[in-house]
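Peer 1: Sequence:
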Amino acid sequence: MRILLVSLLVTLSALPTHLAAAIPFWDRLPDFTLSLQGDPQLQQKLTTELNELRKNSSVLESYEEPADIAHYERGNLEKLLRAQGYYDATVYESVADNQVSYKVTPGPQYHIKSLDIEMPSGLRAGFSGLPIHMGNPLIASKVLEGSEKITQYLNENACLLNVDVSYQATVIHREAAARLEYRVAPSPEVHIGEVRIEGASSIEADYLLDKVKVKPGDCFRRTQLDAAQLRLLRTNLVANVNTEVSEPYNGLVDVTFVIQERNHRTITLGVGYTSDEGAGISAAWEHRNAFHRGEKIEVESKLNEVKQTLEGKLTIPRFFHDKQRLTGSIALEGEDVDSYSSESLTFSALVSRKISTHRTLSGGIELKFSEVDEKVEGAVDEDDPDENYTLLAFPLGFKLNTTDKPLDARRGATSALEVKPYIDLRNTNTTFIKNTLQLTAYKTASEWRYQPTLALRLRAGAIIGESNLELPADERFYAGGGGSVRGYGYQELGPRLVEIDDDGEESLSDAIGGRGLSEISLEGRFRFTDTWGGVIFFDGGNAYEDPSPKFSDLFWGAGFGVRYITSFAPIRMDIAFPLDRREGIDDRYQVYVSLGQAF
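Residues in the sequence shown are numbered from 1 upward in steps of one, following the numbering used here.
Worth flagging that the hints you see were computed from the coordinates, not collected in a lab. The model shown is predicted, which means the values in this text are computed figures rather than measured ones. Be aware that one or more of the hints could be misleading.
[As the list claims (entries may be wrong)] Per label pair, the in silico range of CB-to-CB distance: (1) E65 / Q168: 35 to 41 Å; (2) K213 / L425: 51 to 57 Å; (3) T151 / S94: 42 to 48 Å; (4) L458 / F319: 29 to 35 Å; (5) G251 / R318: 28 to 34 Å.
[To be verified] The calculated DMTMM-like cross-link candidates involving lysine to aspartate or glutamate, where the alpha carbons are at most 20 Å apart (straight line), are: (6) K375 / E343; (7) K103 / D39; (8) K375 / E506; (9) K420 / E506; (10) K215 / D226; (11) K213 / E244; (12) K302 / E244; (13) K213 / D226; (14) K313 / E333; (15) K375 / E545; (16) K213 / E194; (17) K323 / E295; (18) K149 / E118; (19) K399 / E418; (20) K79 / D68; (21) K302 / E261; (22) K420 / D218.
The beta carbon of each residue, even a glycine, is placed where N, CA and C say it ideally should be.
Work the whole structure out from these sequences, hints included.
Peer 2: Structure (structure tokens):
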């Protein structure tokens, strides 16, 4: 290994300079020192900004000699000093032993002697003022802030056809001062005339016009048109939008949104594998414009050795309100685990409404016909030996979501609370309420090497109203598996009954589920390249007969994984080990392969 390392270093040192520069982490730029008397804050600022320029400068790659690099960076320092108001500054560079030294004499900092805004008097009256004032240093970023504030004010309060704000700074060297003037270019004030949609073939034009929220007679504002374009793109029905504005006539302009529709149908196929559930396949078909007004039909099927589902779903946007949608679904599901097998048919309708950018409320109705066969002796309710249920539920939910990506979040948080009251229409004495709460949080250090992300998930559940064995087995809480506590088998954690065989020996049954649930997961995610990443994780969880969730008596698992990052979502490959392994129950490890992060 040592011979290989020495050989590699010799090879790198012999490479041509332009090739060495292309090798990652091979920094050939000479070190530098910067000295400036009397202002340590300015010295630190210049040093920091020069380092940033080194990271992002393609020009420096073309220089080979330290003297050439020093000369180029001297010009950068002079520009940085002028941006801070030092117009008489001098910078001297020297090179010795492949190290550059910069000596800076900043001179006086120029201040603003006079400040004017050339703007129509009718608009000037409501302007609150600039972030820069007479007597302030002439700092370039502050001058630009002033221009941006005037532009923002005009976009929000004027009807100008074109908003064009410029500035001129006149430097007076003998006074170390400057005159600053902002100018608003003349432009007619106009209102909206006709609003048209062009290019729509399968989408009803009035549906898209409702989305743009631009109406005849409105004050003309470019920012309003930009927002309208964004709303059209967010319908997921439009691939591209261009805005055309007519020439003014009688104080009006016509606006035309020229759209290009995207393909409204998608077919997806997927495969996955987990050692506790076996191999699985999935297939889905989606139509995002079924009835020409953004209605979405989804049909999805998932099959593996444990669970089989077939679901059809219809989503109607703008259901009696712009921020409200109706989702109706029909689902067939079969499940066969160690403790029970079940078959069910579920009809549901849910209305969700966005109450803010990140918050959503929902409420609806669900009817579930199910037949459950409990395999664990002693877990069957003697009052209902056939275990058939007709469950009517009224789910209520609240969601908060500030994450950046649904399948590969790197920052933000989510919280989801669902309260779901049930009544069994076959036996109206059976009523219970199922409550679940899940919290996730993500924090990424983008400036660190490998861009580590810390991800946290907490989940708790409680069922109240009935004793444990009077609940349908497929409605109880279970823990363990790829979406729960990795390292343990699917639904292998939770309460178990004591079984006694013919010889009088005691043993534990399969997990029968519980009324309480507690889970916690912690992941460290890393990106080694644009396409490859890795994770290390710790999961803990358990289900309890008592409905009060608690974070004690948890079973812990740990492991690591690889992520292949695609443009859609990462492909997950994890291996997990049970840290509280039970002899005869838990395997030594579990393997999971699927699409998307674990949470």
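Peer 1: For this structure, which hints from the list above don't hold up?
Peer 2: Of the numbered hints given earlier, those the structure breaks are 2, 9, 12, 21 and 22, listed in rising order.
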